[in-house]
Amino acid sequence: MTDIKHLPENYLDYEQRSYGMDHQLYNWSMLTDRKAIKWPNGKKLALWINVSVQFFPMDQKGKPFKVPGGMTMPYPDLRHFSLRDYGNRVGIFRVLKALDKYQVKSTFAINSRLVQQAPYLVRKLAGRDDEIICHGWDMDTIHYGDAAQSEENNESALIEKSLNVLRQATGKPIKGWLSPAKNQSENTSRYLKENGIDFCCDWVNDDMPYPFNSTAGALWNMPLSTELDDQFILQTNLHSEESYLTQICDACDYLIDEAKEQGGRILTLNIHPWILGQPHRIAVLEKVLAYIMSKDEIWSASASDILSEFTAQQD
Amino acid sequence: MKANPEFYDYWPYENRPKIKWPNGAKVAFWVAPNIEFYELNPPANPHRAAWPQPYPAIQGYGTRDYGNRVGHMRQMKLLEKYGIRGSISLSTALCDHHPEIIEMCQERDWEFFSHGIYNTRYTYGMTEQQERDMIKDSMETIYKHTGQHCAGYLAPALSHSEQTLDLFAEVGTELFGKEGKETAGIYTCDLFHDDQPTPIHTRSGKRFVSIPYSLEMNDTIAYVVNKVEPRRYGQMIQNNFDRLYQEGAESGTVMCIPTHNYQVSCPHRIKAYEAALDYITNHPDVWVATGREIADYYLANGYDSTVESINQAKVNIDLSAMKEAK
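These protein sequence lines are chains U and F, in that order.
Numbered continuously in our numbering, the first sequence closes out at residue 329.
Numbered continuously in our numbering, the second sequence closes out at residue 1161.
Since the hints were made in silico from the structure, they are not lab data.
Source: prediction; values computed, not measured.
Some clues are possibly wrong.
As a list, the in silico DSSO-like pairs of lysine-lysine whose alpha-carbon atoms are at most 27 Å apart [as the list claims (entries may be wrong)]: (1) U:K309 with F:K1158; (2) U:K49 with F:K1106; (3) U:K49 with U:K175; (4) U:K175 with U:K80; (5) F:K1013 with U:K52; (6) F:K1062 with U:K49; (7) F:K1062 with U:K80; (8) U:K49 with F:K837; (9) F:K853 with F:K1062; (10) U:K52 with U:K138; (11) F:K837 with U:K274; (12) U:K75 with U:K57; (13) F:K971 with U:K19; (14) U:K111 with U:K274; (15) U:K274 with U:K49; (16) U:K301 with F:K1106; (17) U:K80 with U:K115; (18) U:K186 with U:K80; (19) F:K1041 with F:K1013; (20) F:K979 with U:K19; (21) U:K119 with U:K19; (22) F:K1158 with F:K837; (23) U:K309 with F:K1106; (24) U:K52 with F:K1158; (25) U:K57 with U:K301; (26) F:K1062 with U:K301; (27) F:K853 with U:K274; (28) U:K196 with F:K837; (29) F:K1062 with U:K274; (30) F:K1106 with U:K57; (31) U:K301 with U:K49; (32) F:K837 with U:K57.
Here are the simulated distance ranges between beta carbons [what the hints assert, rightly or not]: (33) F:R1067 with U:R295: 45 to 51 Å; (34) U:F246 with F:E915: 40 to 46 Å; (35) U:A171 with F:Q1073: 52 to 58 Å.
Just so you know, even glycine gets a beta-carbon here, dropped at the ideal spot from N, CA and C.
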């Protein structure tokens, strides 16, 4: 190549090339080397339905990136703003009916800004016998960057505010956290731990919970699969609703089989009312729930219940 | 820069000499699990960014880590069930980071070939000496941890220079000699121009071949680039096999399934993959092999007749009109 930009001499230095990970955030561990887990009543597969209840601001800053599902048109992008808002006005009520029909214990990850934007909905969700976790401030407030960037962004205050607002509005302790776009800064885990959070759902490197070495102490990571996320399958991959159903059912069957040999597993479905709550899609959620809940091996539980059961079995 | 890398000559897919695989097999079939290590904070390369988000890019990193923590054991078990020995395209730093995985593959007599040191260190911008050092390091690491002479290469993250194949061939001979026959640096997976092995020109004149790596069957290409649905991917593999099996009756073909434990081993995808493996291995005339076995066999039994056939297929056409047009 002409005009090639050469690399520095130390490009072939490998400072982290040694046993385990190339960072200190968590320890290297293969799933099959861990203790087999037993879910209550001999169940094999815990079902964690996580409903992401989101607010996408129309005056999107997109920093450091535009969140998937966010505004894409020039301001004012009424089209995407209102399509997302649809989920909080209409879609969520279809989703709730489906969850109740199949008696699914659920977890709602709520953007704290919805306390102001849709207080009725926050109160409605808080009144259910389900779990609420914090989904950050809103979908345009992304946690990112190294430690210096995090401090510049005053991330510590952002996390404190997000949790205070949601705890006050719901009257619930709020022990779980899902970052917008599952993005974190180098400091996020530490600030979460300092603010009374027991688990985050941001890392997608495992099928079971594992402990995170935050500098403020152990924080658990709960495995909220992106691969099985409705937004990922239907919007990113543009697969059909029928294929979404097939993929979830195949995953369910596979994990039940694996659990019979290796101990309890978790099927985690992250769903969005602005996607599955559409009239042409809600039936596929009902079919998914009907299939899963028809299995004898299923334990429908909240994220915290699953984690409590899991941690009680650790040495 | 070149319009055509000219690693190989044009060789039409008709009137080729018959490739005869062992025991009259129609297809040489191999599976190449990529076992990779991506770094969370690699040094910047001005030609290509490792991650789209600022450090720490936990989504991309975590997705790859899933392959090692969770996915590897699933695929290994599956390949064992169908009597397939993997040919591992290895980020060789994984020998240092996750030696448990290397040991398990070695116990199963799998092949290890070089996929660079890390999949986040790109060849772009390397001097020839840097690239030579990187390739040498990777081959020495495989030897140190497994005792294997590294036969094959797939450049890290498919990042190449014009010299990549020459360097790999040369370093193989430099490290492991050529007494008797060459044991290292004999094949590349970097070229996707054919369904049969092809002699590759090297500046050293070493006998060196391209082994089909079937990029269209690569799970990451299918799932991430082409956004294929899992069961359709399983069907695509079977369709690919059907045609190569049919044509293999005339002259042996090669089919590879290049995989990644963070794609194909996900719970919603592995059943479709298993169905395809079951389908293929239930056919009688399939040679289930490794990349090295195919390369070795072809170098001994097909290479010379191919060179002859390529020379016979050369056609001279009057190019004076093209010169005048300039």
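Against the structure, the hints:
1. U:K309 with F:K1158: 73 Å, violated
2. U:K49 with F:K1106: This hinted pair holds, its Cα atoms lying about 25 Å apart.
3. U:K49 with U:K175: 38 Å, violated
4. U:K175 with U:K80: Given pair K175 (chain U), K80 (chain U) holds - Cα atoms ~22 Å apart, limit 27 Å.
5. F:K1013 with U:K52: 56 Å, violated
6. F:K1062 with U:K49: Roughly 35 Å between the alpha carbons, so the hint for K1062 (chain F) and K49 (chain U) is violated.
7. F:K1062 with U:K80: The hint holds at about 21 Å.
8. U:K49 with F:K837: 56 Å, violated
9. F:K853 with F:K1062: Distance of about 37 Å is beyond 27 Å: violated.
10. U:K52 with U:K138: Violated, at roughly 33 Å.
11. F:K837 with U:K274: The hint is violated at about 57 Å.
12. U:K75 with U:K57: 45 Å, violated
13. F:K971 with U:K19: Cα-Cα ~23 Å, so holds.
14. U:K111 with U:K274: 32 Å, violated
15. U:K274 with U:K49: Since the Cα atoms of K274 (chain U) and K49 (chain U) sit roughly 14 Å apart, the hinted pair holds (cutoff 27 Å).
16. U:K301 with F:K1106: 20 Å, holds
17. U:K80 with U:K115: 36 Å, violated
18. U:K186 with U:K80: Distance of about 31 Å is beyond 27 Å: violated.
19. F:K1041 with F:K1013: Since the Cα atoms of K1041 (chain F) and K1013 (chain F) sit roughly 10 Å apart, the hinted pair holds (cutoff 27 Å).
20. F:K979 with U:K19: With Cα atoms ~33 Å apart, K979 (chain F) and K19 (chain U) exceed 27 Å; violated.
21. U:K119 with U:K19: Violated. K119 (chain U) to K19 (chain U) sits at ~56 Å, over the 27 Å cutoff.
22. F:K1158 with F:K837: 18 Å, holds
23. U:K309 with F:K1106: Roughly 19 Å separates the two Cα atoms, so the pair holds.
24. U:K52 with F:K1158: Violated. K52 (chain U) to K1158 (chain F) sits at ~77 Å, over the 27 Å cutoff.
25. U:K57 with U:K301: With Cα atoms ~21 Å apart, K57 (chain U) and K301 (chain U) stay inside 27 Å; holds.
26. F:K1062 with U:K301: 23 Å, holds
27. F:K853 with U:K274: 49 Å, violated
28. U:K196 with F:K837: Roughly 43 Å between the alpha carbons, so the hint for K196 (chain U) and K837 (chain F) is violated.
29. F:K1062 with U:K274: The hint is violated at about 31 Å.
30. F:K1106 with U:K57: 22 Å, holds
31. U:K301 with U:K49: 33 Å, violated
32. F:K837 with U:K57: 62 Å, violated
33. F:R1067 with U:R295: 45 to 51 Å: 20 Å, violated
34. U:F246 with F:E915: 40 to 46 Å: 30 Å, violated
35. U:A171 with F:Q1073: 52 to 58 Å: Taking Cβ atoms as reference, A171 (chain U) and Q1073 (chain F) lie about 56 Å apart, which means the hint holds.
The structure fails hints 1, 3, 5, 6, 8, 9, 10, 11, 12, 14, 17, 18, 20, 21, 24, 27, 28, 29, 31, 32, 33, 34 (numbered hints given earlier, in ascending order).
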